[in-house]
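**Q** Chains A and B, in that order, are what the protein sequence lines are.
So for the first sequence, my numbering puts the first residue at 1; every next one is plus one.
So for the second sequence, my numbering puts the first residue at 1001; every next one is plus one.
No lab work stands behind these hints, which were simulated from the structure alone.
Below are the DSS-like pairs computed for lysine-lysine, each with C-alpha atoms no more than 27 Å apart in a straight line:
1. B:K1073 x A:K73
2. B:K1076 x A:K73
3. B:K1068 x A:K68
4. B:K1119 x B:K1026
5. A:K131 x A:K26
6. A:K68 x A:K20
7. A:K68 x B:K1076
8. B:K1076 x A:K76
9. B:K1026 x B:K1058
10. A:K76 x B:K1068
11. B:K1068 x A:K73
12. B:K1073 x A:K68
13. A:K20 x A:K131
14. B:K1073 x A:K76
15. A:K135 x A:K26
16. B:K1134 x B:K1026
In this text, all values refer to a predicted model and were calculated from it rather than measured experimentally.
2 protein chains.
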Amino acid sequence: MRVLAIDPGYGRCGVAVVEKIDGKEKLIYSDCIETSADSDFPERLARVARECGELLTKHGAQSVALEKLYMTKNQKTAMRVAEVRGALINVAATLGVPVFEYTPGEVKSAAAGWGAADKEQVARMLHALMKIEKKIKYDDEYDAIAIGVTHLARNGR
Amino acid sequence: MRVLAIDPGYGRCGVAVVEKIDGKEKLIYSDCIETSADSDFPERLARVARECGELLTKHGAQSVALEKLYMTKNQKTAMRVAEVRGALINVAATLGVPVFEYTPGEVKSAAAGWGAADKEQVARMLHALMKIEKKIKYDDEYDAIAIGVTHLARNGR
Chain A
1 MRVLAIDPGY GRCGVAVVEK IDGKEKLIYS DCIETSADSD FPERLARVAR
51 ECGELLTKHG AQSVALEKLY MTKNQKTAMR VAEVRGALIN VAATLGVPVF
101 EYTPGEVKSA AAGWGAADKE QVARMLHALM KIEKKIKYDD EYDAIAIGVT
151 HLARNGR
Chain B
1001 MRVLAIDPGY GRCGVAVVEK IDGKEKLIYS DCIETSADSD FPERLARVAR
1051 ECGELLTKHG AQSVALEKLY MTKNQKTAMR VAEVRGALIN VAATLGVPVF
1101 EYTPGEVKSA AAGWGAADKE QVARMLHALM KIEKKIKYDD EYDAIAIGVT
1151 HLARNGR
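In isolation and in its complexed conformation, chain A is listed as follows:
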């Protein structure tokens, strides 16, 4: 079971391909897609959607897992992130790949053991759980890996 997990964003979008092999979580690929603030929003959204579509095809993921929007005080940003999510849902649905959504609390519970874990605790637990050889610069990438681990924990065999 291989999943493309995405922490949706238009400035930075974390992506991870994770798989359970012989009962063990394995990180196949992860990255943080970054777009320039000089580009307009439709261009940034389209770039994120295109790259995620390419990853989905390239890695042959059977599911897409997304973090459900967390309503913040900044409604405008929340709306823009929801728009990115929608573009990603469409990319997956068009390729016939089912989409699963998890709240930040669900992700933290699954990846670190409790829903109020901070980012550092989540990162530490992920390193304990699987081999992460790459140096990870941004939290968005860890978030994507955690979303993937959550999906495996909930659907895995």
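Place chain B on chain A using the hints.
**A** Then chain B, alone, in the frame of chain A:
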């Protein structure tokens, strides 16, 4: 100048192609895309996005105009509508067509003369402005026409 105007939604999505010819607004096409509540959300969103993409290509619209999300009390619905918008923005951006966004107040001002106009007043003004031969069943379709008229008023020659 021809625009594809969309009142985004996943249950009902109003669409209209309008154009200014010799200084006069003309309705080329309008419809209300309906999806079944029996389908899951990604399927409904993908259907709306696919049909809008087909309309865009078929009618050779040079712009896409969308209603900006109106934050309602129902956050969940607002989020889902934002997701539909995102899928539509991606469809337009992928085809290289610029996207324009208007608030409901801007649409009512442009289409009916004031921002607090009700739906009936907007519909009446649209009928006065242009030939609408088709019987229109849902407000979503009038809304799409009004969004198109707004775009022409703001960008028209």
